[in-house]
Amino acid sequence: MKLSEFLHDEMAGLRFLLSLPPQKASETHPVLCFLHGLGEGAPADVHEGVTRHGPLSPGAPALVRQKFIVVAPQLPIRGDNWRFYDRAVRTIVGEIQARHMGDPRRTYLTGFSFGGNGVFDLALQHPAPWRALWPVDPTRLPEKDPGLPVWFSSGEISRHHSAGFIERLRLRPLEGNQGDRVYVDEGLDHVGTATSAYRNDRIYEWLLVPRAVNQSSNSGSFQP
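Heads up, the sequence shown is in the numbering used here, so the first residue is 2 and it goes up one at a time.
Wrong hints could be hidden among the right ones.
[To be verified] Label pairs and their calculated CB-CB ranges:
#, residue 1, residue 2, range
1, S27, I78, 38 to 46 Å
2, G188, G165, 15 to 23 Å
3, D46, G193, 17 to 25 Å
4, G165, E28, 24 to 32 Å
5, D146, E28, 30 to 38 Å
6, P23, H162, 27 to 35 Å
7, F85, R203, 16 to 24 Å
8, R171, A43, 34 to 42 Å
Keep in mind that the hints were calculated from the coordinates and are not lab data.
The beta carbon of each residue, even a glycine, is placed where N, CA and C say it ideally should be.
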């Protein structure tokens, strides 16, 4: 995707890029929120930062721009800091849902490296509006199981703690598993894991599988 295809905006104190699929008057779209890693935060240019890896990166499958609303916020300060921006991220996602026919029942959270840590941090603080999580080679274990479907793309960093991730999140290998807790490790390095994961059509298709959600923990709408 070309940079000209992205919308650049700022909301709740965070700059972000937005990619919209072809719009139809009565059609809602799944929403995928991407949290970047350490080197992609400010002062890096937002376009360069949030497209270096993730669903807006070069080589991402065509189905991403055809089916998903993708929103990629950028941290104003680099670091393992996404947990401090939970409300800002949820505010942006809620506004995008309202403005662009985003589907609250198909809203997903993904992130690479420190962004993968952020996936767990934000989901543990407020499960809504997330319906499934896709951490890509996070650098530390979540404090507990977030109670949501998880596709875990493991790589060079998280591999060292694979037993902990698998036990805490009740993950199962992809082979023969079509369930809601998936663990994949292709044996790649940190960046190679991100490149491969975000180019994998199968993961985006997995996100779109309809799932029942415990309404007591995930209402699917923005809550302050």
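Structure versus earlier hints - violations, ascending order = Hints 4, 6 and 7 not satisfied by this model.
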